[in-house]
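If you read the protein sequences in the order shown, they are chains Y, H, C and V. Position one of the first sequence corresponds to residue -17 (my numbering), numbered consecutively onward. Position one of the second sequence corresponds to residue -9 (my numbering), numbered consecutively onward. Position one of the third sequence corresponds to residue 1377 (my numbering), numbered consecutively onward. Position one of the fourth sequence corresponds to residue 353 (my numbering), numbered consecutively onward.
Read the hints as simulated data drawn from the structure, not as lab findings. Treat the hints loosely; a few may be bogus.
If you want the footprint, here are the derived chain V segments under chain H, 3+ residues with CB under 8 Å [said to hold, decoys possible]:
(1) 395 to 405
(2) 408 to 420
(3) 457 to 468
(4) 526 to 532
List time: in silico DSBU-like cross-link candidates among lysine-lysine, alpha-carbon distance up to 35 Å [said to hold, decoys possible]:
(5) H:LYS458 / V:LYS488
(6) V:LYS412 / H:LYS458
(7) V:LYS454 / H:LYS670
(8) H:LYS548 / C:LYS1642
(9) H:LYS260 / C:LYS1642
(10) H:LYS136 / C:LYS1393
(11) C:LYS1776 / Y:LYS77
(12) Y:LYS64 / V:LYS392
(13) C:LYS1396 / C:LYS1473
(14) V:LYS452 / H:LYS657
(15) C:LYS1530 / C:LYS1783
(16) H:LYS486 / C:LYS1386
(17) V:LYS452 / H:LYS466
The beta carbon of each residue, even a glycine, is placed where N, CA and C say it ideally should be.
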Amino acid sequence: MIINHPILGPRDSAEFTYMGDAALLDRPDWQAKDALLQFVDYGYLRDNPAGPHIELWYHEQGDRSFLVVTRDTTTHQISSVKLASDVARGRGRSK
Amino acid sequence: MSQINRLGGGQIDRTKTLDFKFDGKSYQGHDGDTLASALLANNVRLMGRSFKYHRPRGVLTAGSEEPNAIMELRDGARQEPNTRATTAELFGGLTAKSQNKMGSLRFDFMAINDRFSNFLTAGFYYKTFMWPAAFWEKVYEPIIRKAAGLGSISFEDDPDDYDRGFLHCDLLIIGAGPSGLAAALTAGRAGAQVILADEDYTMGGRLNSERFSLVDQSGADWAAKTVAELTSLPNVRVMARTTILGAFDHGIYGALERVSDHLAVPEVGKPRQILWRIYSKRSLLCAGATERPIAFENNDRPGIMLAGAMRSYANRWAVTAAHNVAIFTNNDDGHKTAADLHAAGVSIAAVVDIRQDAPLSEEYEVIAGGQVVNSNGRLGLTSIEVSLPDGNTRALPCGALGMSGGWNPNIHLTSHHRGHPVWNEKIAAFCPPDNGPAGLSVAGAALGNFTTAEALASGACQANAILKDLGIKQNKVVLPLAEDAPANMTPFWYVKGCSRAWLDQQNDVTVKDVKLSHQENFISVEHLKRYTTLGMGTDQGKTSNMGGLAIMAELTGKTIPEVGTTIFRPPYTPTAIGAFAGRDRGTDFRPTRKTPSHTWAEEQGAVFVEVGMWLRAQWFPQAGETHWRQSVDREVLATRNSVGICDVTTLGKIDVQGADAATFLNKIYCNGFAKLLVGKTRYGLMLREDGIAMDDGTAARLAEDHFVVTTTTANAVSVFRHMEFARQCLWPDLDVQLISTTEAWAQYAVAGPNARKLLKKVVDPEFDLSNDAFSIYGLRQYHCVRWTKSAFV
Amino acid sequence: MRYSGLRVLKEALTGHKGWKPAWRDVAPQAHYDYIVIGGGGHGLATAYYLARNHGAKRVAVLEKGWIGGGNVGRNTTIVRSNYLLDGNEPFYEHSLKLWEGLEQDINYNAMISQRGILNLVHSDAQRDAFTRRGNAMILNGADADLLSTETIQKRYPFLNVNNARFPIKGGLAQYRGGTVRHDAVAWGYARAADQLGVDIIQNCEVTGFRIEGGKCLGVETNRGYIKGDKVASCVAGSSGRLMAKASMRLPIESHVLQAFVSEGLKPVLPGVITFGAGHFYCSQSDKGGLVFGGDLDGYNSYAQRGNLPVVEDVCEGAMAIFPMLGRVRLLRMWGGIMDMSMDGSPIIDHTHIESLYFNGGWCYGGFKATPASGWCYAHLLATDTPHEFATAFRFDRFAKGQMIDEKGMGNNPQLH
Amino acid sequence: MHNLSATTALGGTEPRTEQRGPITLNEEPGYALASVAARKGGERATVLAIQRIIGAAAPKPNHAAGNTVTAFWTGPEQWMLEAPYDSHETLFAMARAEVKGKASITEQTSGWCRFDLRGVGLGAVLERLCPINMTKFQPGDATRTSIDHLGCFVICRALDHISILGPRSSAASLHHGLLTSMRSAY
């Protein structure tokens, strides 16, 4: 597969390590009242869609960027690639 | 002259005579021959035995779709089972052996199976061999296993090297027949980065197999001239002997280049084969078409082959399988073979055409409305039986028979992404699916454009469409005028009433087996394939599948497209495991990581242990020590009583800097680091998100905003990955910078009561190693050396 | 109709006219006691054991395509019970025992071939781990044998013991492990179930569940609504897709695993051999092809095909231990959808929806589990209590911290 | 204490040189390395500091720049500085002084081994090593990719001169891989 890195351009996916569903960005607040329940959900349940899947790829053999990739799991076609740090900020993550 | 079946003309170099051996017997061929053409030239028709019934087998095709003429090529460690004689280039000194036989090829004791074929029908083994239960592994299975399989291996290590590589292009053209060459000219002259790959050693495809001319030159000459021009273009890479074996995601193709297979031994330092990973923006499949046989009783004897292959042998290799040849056809193309062979001086026994309105010939007999219903000849064809339109049967002596049942486009790569082929009624064949691999277009015969003129035009046209998509200025190439005869064809799959009519010649699947499969409810094409093994041989059913589908359609009262087809998977042709592995074998299987003291440790005779690719000195045996415990006990005691050193460079080391470095470490470790004093080290435990321990190590604070973290050797990579995840995905606004320094710093642990004493010897006196100055978990930096003191090793 | 050598003889002499369909093609009825969704190995085995062990009468197996078309039709055919953890080992040992008597039980020769499985060891740590595992196996009634390098070299002289990046330092053998003709498992169970009255319905795709008041009443299909007293999902890699129709999220990701077969060869390998320092395992089929595989491609996929890097990785493993295979050709590669669970172990359990049951999360170990999976799932469906060998395969084990994580990889489905 | 002798990454006291056809392969031990990573809010200052250090604009992604001291881009807001060891033993300290706390500097000297390939026709060697599109790899281009399982930096110094930096501990494996490619290509 080819991942079109937002900074570096098209790169072979073999340079990357797959890190799973990008829902992992939405790490629950560990101080929430129902933190345990939320962490079970966060840690163990997945949408696992047959279709567009938003997922994390780590450019381990490249520039070490985490990317958020939208890829169709039935065709492997990739429709969007973003820097994970940008996406994380967009989802309200900061410090 | 021994090559009694050699004709005039052809594209072989008669000035170069090559000696070779088949089953121990010496023969001669010429440069440009394949093993198959050279054997045919020497009147060798019997080349193998079938899988199940051990029926005599001769060559069926002239290409990589060959199911029958498969052999053990070469000797010793280079013995190569199941090699197609039809694609093996002849070289001086080549040796080949027939396979899957007991005794000699002519007298194969296993041919007894053929007598029992009535018992050995499709799937018979699922119904028996169950009693007594213990007999399966002990008795039945060993017999079956010994009988099964085709070629054998040498059990010696493959002595040749393999390599891998990466190529990029705007346009990958797969196949260098008329459509591929026209496309390459179009795109190449337009300046696009083009790769043109063909599995054959001579490019040109069918142009090399036909007699017609392109205006004033032969097809082969035009192909050679075109290839020469393409080779001269710096933006075109012409790759002969290169099979595109699979279409992978996003325009990536696997390609196998056979660098040295046409040589007795690879040149020193050169690989036998290279597996290229080709990154293409667009690709164009110009893989041509494969002719279909027609099933009739005993249609599997040596000498019975595809009519188009006969034409290739005659026109390209100047060879005929026999001097008296018959043709069985349902289309006009079969007549071309008769005409070409006749022109080459081969006598034509008759052309048997199932069509009442078959074109007639003044040169030889054409039996219109006839059918070949049986054949004779123990180890090779001697005659055929033909049913005439008037109901009578006539015997026709002949040494070879060409079958032409129409052509199937070579659409294999288009279904590598599981796209389902689409039926084309006009040519009665499956054509490329609409949902083939993104970026892959198809041209020429692979698209069902069977005439040369159509193929040339479609290649150029598709190339221009691709150039347009790529934003490259299109280019009008003037193509030579070429034959444009329509391929009149009446679909005809098998002769009615036959039972032992072979569909899959390698696996011995007959019309009868398809009928049984249907009777037992194995009707889905996938069930048919799996139950009968139709199309599961080394040829993957390139010549056999269609017949089975057509018969199943008839049995179920459905149309062929309703029955459907199994789809093709990579590789296009079987590919050496060694090639996929490339140079990653033996001690080069994976990189080795060595510590700074590795050479010293080797000199001390260390025994190494493998940890995370590192070689770590485990213990240092001394003279007289025979068991590892003796060495280890001695070393432990020495450390306990005095001092020991250990190269712990293999531990992961990560530099953590930034205003929020301490906050960051607080988040990823169980332990707190915010309050760690500068100059101190603290043990840290890292957990996974599910609360289970992930790694442990120490973090040393070099400055308010600077830590060095150590990890275990095995987890160095995954801990760094986890920290990057935390930094980029969880807390993207923390001011933290991470960089691995595992490689940049050597690291030694010094332990034991005399550790301080030892340090004093290597450190300049101004460095205070007293307990007050250098206490537990203390840390000092001195020149380019950092010292930490910890109770954790 | 019973299969036997005598019967084959008789049919051979009478033109094979007497063979009957291995299973009937039937149209769906309006109502079943049990609806098993998925005509793969596990689904067919479940239906068979429902009828055989529990006397269930009205059982339907709904298959969206052709039976045996999922992972039972494309796997590397290995059976074994060499597990470490208590939640797993008794279950897989039960499965192996069922394999051992399967052919006589279902009157179908699935060519269960116990030629042994050997896991190679390449480091001291690995030897320790395999020693522990071998002991766990023996404690659970399975067989295990720790082999020295010398024994391995003697028995498998063609293995690359020394001239390797990762020299072989021993191995763990299970002699009762081996291979099975995978397609025949589906066909054999289908035929046996059919003979007990089970309806096997091909080309019948479940498009939705009818759920009212927290209870599942039946399934919508492309061939109409079918009422079912108990509805059992058993669709392996398609679990995520199917259960989403019941609005369930699962502790499962679907990944692609590729497998490979070589051209046919005269006997090369005596059993199954796995390479411990890379990702590669290999056996030889009765037909002569080397059947081999390795690691997952490592990304979510329902596409049933993989990519080159893993093909190369697997062949590197092959060449690392069998340098004699360099000139053997890879004939065909294919990809299956693996229902990778969060701890690498399966689920056989009720769902939170009444009358709706779930069997899945087999990762790439589902084939060897086929008989026991069917056996235990049938038990759960018939009795509403988990079978004693499958009590650990619960949905709630993640929330309760009772994961069955053989590899200790945690919730990284692609690493199990 | 200071009675130490330096060895190269390949373990010798002298750098290794190999020749095959038109291509030369040299082990290049004599370079100091330091990494630069901008701190939050210090991005602009870091770029300017690099410009002062290398005498050229800080290289953009996929690029290298500079003369005696060079820099190549290694990641978002991250660079590696490289300079001859003999003249720039204190590259780390110098960089640290120059960035004035706006960037994190890490000593990387000897963390990476460097091999230089020189000669006409380097494409044929490189295409056997890594997926870089060699028809487009121009002087000033620099990237990180995987070579024989090793994460390496590849820097095009000139059309006939390419540097490869790999992890020091695997220098022997990398060197062997480069040599194998040279033999396969020429």
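Given the proposed pairing of H:LYS548 with C:LYS1642, does the C-alpha separation stay at or below 35 Å? violated, 40 Å
Restraint check for C:LYS1776 with Y:LYS77, where alpha carbons must lie at most 35 Å apart: holds, 30 Å
For the pair supplied as a hint, V:LYS452 and H:LYS657, is the alpha-carbon distance within the 35 Å limit? holds, 27 Å
When I compare C-beta atoms, does the segment 526 to 532 of chain V have three or more residues closer than 8 Å to chain H? Contact hint for the segment 526 to 532 of chain V vs chain H: holds, 4 residues under 8 Å.
Taking 8 Å as the Cβ threshold, is the statement that the segment 457 to 468 of chain V is covered by chain H upheld or broken by the three-residue rule? holds (count 7)
Is the straight-line distance between the alpha-carbon of H:LYS136 and that of C:LYS1393 35 Å or less? Holds: H:LYS136 and C:LYS1393 sit about 31 Å apart, inside 35 Å.
Is the straight-line distance between the alpha-carbon of H:LYS486 and that of C:LYS1386 35 Å or less? holds, 26 Å
Proposed proximity, V:LYS392 with Y:LYS64 (alpha carbon, max 35 Å): holds, 20 Å
Measure nothing beyond the straight line between the CA atoms of H:LYS458 and V:LYS488; if it is 35 Å or shorter, mark the hint as holding. holds, 21 Å
Pairwise hint evaluation, C:LYS1473 against C:LYS1396, where the allowed Cα distance is 35 Å at most: Holds, at about 30 Å.
Assess, step by step, whether the Cα of H:LYS260 is no farther than 35 Å from the Cα of C:LYS1642, and give holds or violated. holds, 30 Å
Hint consistency between V:LYS454 and H:LYS670 [alpha-carbon to alpha-carbon, up to 35 Å]: holds, 25 Å
Of the hints listed earlier, those the structure fails to meet are numbers 1, 2, 8, 17, in rising order.
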